[in-house]
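This is what each chain is made of:
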Amino acid sequence: MADRYDAIVIGGGHNGLVNAAYLARAGLRVLLLEQRHILGGATVSEEIYPGFKFSVFSYVVSLLRPEIIRDLQLSRHGLTILPLESTLTPLPNGDHIYRGPDPHETFRNISRFSTRDAEAYREYGHAMYQMAKAVKYILGIRPPDPTSFHPREWLALLKLGRHFLGLGEENLYTLVKLMTMSSADFLEEWFETDPLIATLSASGIIGTFLGPRSPGSAYVLLHHYMGEIDGVFRAWGFQKGGTGGVAEAIASSARELGVELRTNARVAKLLSRNGRATGVVLENGDELHATTVISSLDPKLTFLKLADPSDLPDDLVNAVRNFDTYGSSGKVNLALDAAPDLACLPGDGAHLRGAISISPSVDYIETAYDDAKYGKFSRRPYIDAIIPSMIDPDMAPPGKHVMSCFVQYAPYKLAEGDWESQREAFGDAVVDSLSQYIPNLKKIILHRQVLSPWDMEQQIGLTGGNIFQGELSLSQLFFLRPAPGYAQYRTPIRGYYQCGSATHPGGGITGAPGRLAALEILKDLRK
Amino acid sequence: MPIPTPLHSRTSTLCQTHEWRDWSGYLSAATYQPSHETEYFAVRNAAGLLDVSPLYKYEVSGPDAARLVNRVVTRDLAKCQVGQVMYSPWCDQDGKVIDDGTVARLAADHFRLTAADPSLRWLQDVGYGMQAEVRDVTTQLAALALQGPNSLAILRRLFPDPRLSTLRYYHLLQTEFNGQPLTVTRTGYTGDLGFELWIANDYAPALWDALMAAGYGYGLIPVGLAALDMLRVEGGLLLIEVDYTSSLHARIPQQKSSPFEIGLGWAVSLDKHDFIGRQALLKEKKGGSPRAFVGLEIDWLDLERLYGAANLPPMVAGRASRIPVPLYASGKHVGQATSMVFSPLLKRYVALATLRADCAQPGTELEIEVTVEYVRRRAAARVARLPFLDLPRKKAVSRG
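For the protein sequence lines, the chains are L and R, in the order given. For the first sequence, numbering that gives the first Met the number 0 begins at 0 and goes up steadily by one. For the second sequence, numbering that gives the first Met the number 0 begins at 0 and goes up steadily by one.
FYI, nobody ran anything at the bench for these hints, they're computed from the structure. Backbone N, C-alpha and C fix where the C-beta goes; we use that ideal spot for every residue, glycine too. Incorrect hints may have been included.
[Said to hold, decoys possible] If we take Cβ atoms under 7 Å as the criterion, some of the chain R residues that face chain L in the derived model are:
#	residue
1	Gly24
2	Ala65
3	Arg66
[Unchecked claim] Some chain L residues flagged as far from chain R (calculated, every beta-carbon gap over 12 Å):
#	residue
4	Arg28
5	Gly99
6	Pro100
7	Pro102
8	Arg107
9	Leu159
10	Gly167
11	Leu311
12	Glu456
13	Ser474
[As the list claims (entries may be wrong)] Partial list, derived from the structure: chain R residues whose beta carbon lies under 10 Å from chain L:
#	residue
14	Ile2
15	Pro3
16	Glu18
17	Trp19
18	Arg20
19	Asp108
20	His109
21	Leu119
22	Val125
23	Gly128
24	Glu132
25	Leu247
26	Gln253
27	Gln254
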């Protein structure tokens with residue numbers, strides 16, 4: 000006799016966990032299934048090298064919704080997000096741009112290049128705050144269906160329209176610019192210092208297959224500003240113990256709420272009868288039954304692998320097949336014998352407790368993108384490096400360090416060879432690029448872990464290795480995410496839902512898709 | 000982390016209290032001596048010396064310099080003679096105040112502006128296409144304020160220049176100190192007789208020393224920001240981000256103010272050639288402003304009554320308070336007091352306030368929120384004329 004549950008959540012990433020916790024909180028009997036031996040999905044910390052903890056995939060937190068932190072009492076379950084307060088851009092000539100928590104210090108630092116830019120930087124932050132405030136509303140709502148005639152959808156659209164008209168003329172113009180421009184073009188309207196533009200524009204390309212000069216990248220810029228409005232300005236942070244600590248906190252809360260969390264349980268197929276979900280069958284053949292099944296996986300897995308595409312309408316199948324999950328970023332995690340020493344700022348200092356951005360010019364990043372366009376990893380990539388052990392000493396043995404390097408670009412498909420043969424060459428390119436600014440780096444590396452998009456697909460099941468489960472381009476956002484007509488977490492199969500980063504409002508450790516999906520499910524169940 | 004001003008070598012040895020504030024990213028002494036009142040009285044009774052170097056300073060020069068500055072400020076610069084200084088706000092396109100400061104006309108085509116906030120970008124952008132150069136001299140030019148009734152006598156000891164004695168209020172003269180160009184302006188932020196001295200950073204410490212030496216026997220002491228805050232409230236002088244919010248920093252439109260709403264209507268020349276914000280200000284002038292900037296006096300007897308009920312004497316802050324406090328008329332919220340101080344000289348508890356225009360007539364009876372032993376009460380208050388302290392010596396010109 001198979002087990003019976005009210006709901007089965009497929010995938011133990013942070014969105015799956017949040018979804019399960021909210022459903023259990025409403026009184027449902029919930030089972031969560033994770034294929035790996037460890038929960039977290041891309042939100043995971045692992046001791047890859049003895050004594051050194053890596054945030055293997057995702058590495059910073061800013062967008063985790065505060066209502067989720069409160070509702071699930073995550074602080075009580077171990078959530079401790081430590082501030083990441085500065086960004087250092089080392090330059091090839093030995094100079095640097097440092098932006099830190101003291102606005103006057105940042106002002107003076109940018110002033111060394113351009114006083115105009117130092118002034119504009121304050122106003123830019125203010126403008127982006129206004130924009131983020133405007134768009135934040137969208138993050139908190141279920142996307143209305145603009146083609147539906149249902150009064151509920153009309154009402155939602157009307158509210159949305161009213162919200163946008165209420166932004167005021169100037170904000171509306173800025174918003175349209177953000178929606179249409181490239182991040183470099185948008186930033187060049189504000190600034191003249193190239194390395195500053197480059198570093199800021201990098202927020203517009205993270206996780207996407209866009210260059211700083213690709214139209215549409217400006218919106219991603221805004222997406223990364225969103226975290227700054229709920230709490231203090233510059234709310235990027237680092238979870239104690241690595242990002243895995245976020246998943247552990249949500250899992251602990253879910254467990255307390257009664258969710259059964261099962262690892263090493265890979266789902267093979269969705270079970271359905273007469274267009275209604277009835278449960279899942281595991282790869283080991285076990286059948287588990289529930290009237291509600293929620294997939295936190297990407298749409299290609301949700302619709303083309305777990306469900307049977309022949310049970311689904313053609314338009315959806317086509318949209319999902321065309322859904323862009325092409326990965327563009329890699330990750331290099333380093334275990335270090337000592338602290339990295341920067342050529343531009345030798346020795347210890349506050350700059351080591353923030354982000355180090357290898358983005359010396361817009362051309363540098365755009366050239367890195369050029370490599371990727373033609374199927375090569377960037378020989379001189381953009382790198383966003385942090386040294387978590389500087390913020391949380393428990394990440395490495397005393398005096399030793401871990402360094403997390405987010406790298407772009409690393410295209411999922413290589414024009415020549417494959418990732419198994421190219422992985423270490425990619426790692427070398429990253430270490431070489433960093434060594435130009437951190438001369439002692441090569442001497443202190445104890446262990447190196449290199450992850451390509453292909454590795455991410457292999458290890459945690461992200462199709463194409465896209466860190467957002469699908470490109471964060473305008474064509475794949477809001478009521479188009481993941482497919483027109485299916486952006487409200489439901490699927491054509493009754494009782495079968497989606498709640499991953501490929502649903503609104505998208506990727507990053509927000510938990511928002513998981514929560515919004517749970518609220519829709521509970522509405523359907525009239526809970 | 001704030002950095003030292005060009006005068007830090009002097010101010011740091013004099014600052015007995017080690018009480019520093021962050022003024023635009025610079026270390027500024029809040030007090031030098033244990034009693035800020037000593038410093039306050041030095042300015043009202045003898046003389047005080049302040050390091051005001053953190054002010055932002057800009058030089059505008061070139062054939063179109065006057066046109067550029069006149070496009071920015073609301074005052075009419077055509078009326079500003081060479082050697083004159085004008086105080087003015089400047090606005091955005093909607094007529095909302097961005098900042099306020101002084102404009103000194105050093106030559107027909109050469110101006111020096113002071114500002115509370117960084118303004119290079121704004122000035123340069125406004126001057127786009129004009130034949131004028133805008134230079135940020137903030138980090139090159141130090142500024143010392145010598146304020147108080149003895150300030151002129153002290154300055155005359157140091158500079159035998161006969162023009163000093165006849166230098167009029169809001170006028171300047173250019174002289175030399177140790178062979179270096181020095182600008183002396185008869186300006187200040189204390190509402191008293193006083194001067195401000197502008198000199199290149201490297202020569203500022205020697206100037207400080209010379210002034211301190213000249214002031215020996217004249218009661219000159221260094222004065223910090225705590226005393227300055229009291230002095231400027233008595234003088235009815237407003238402070239950005241305290242008494243009003245710059246339109247560049249406002250988070251909502253309601254936080255912005257027009258010059259009319261912060262008591263600077265007198266500094267708006269609507270009849271001059273077009274300037275930024277003019278259209279909006281014309282409209283506001285016609286339709287009236289919703290708010291007004293006023294003085295406020297808190298009824299001392301009523302305050303005594305409220306505290307007396309709790310068996311306490313009135314507890315008022317010795318320093319100026321910058322915490323906004325709500326004001327009421329007939330039980331309805333009508334505005335807020337933004338700077339408040341017990342004037343040691345006037346023995347009056349006074350405030351700068353923003354009020355709904357219909358409640359802003361001098362003499363209007365209001366109520367102000369007062370917290371007595373953790374309980375919120377309301378004390379009687381009355382709209383008063385600004386400035387609270389109007390010293391004839393501030394503007395007086397001696398006859399040689």
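Next on the checklist: Could you work out which of the previously given hints the structure breaks and list their numbers from low to high?
Outcome noted: Per hint list: 2, 3, 5, 6, 7, 8, 10, 15, 16, 17, 18, 19, 20, 22, 23, 24, 26, 27 violated.
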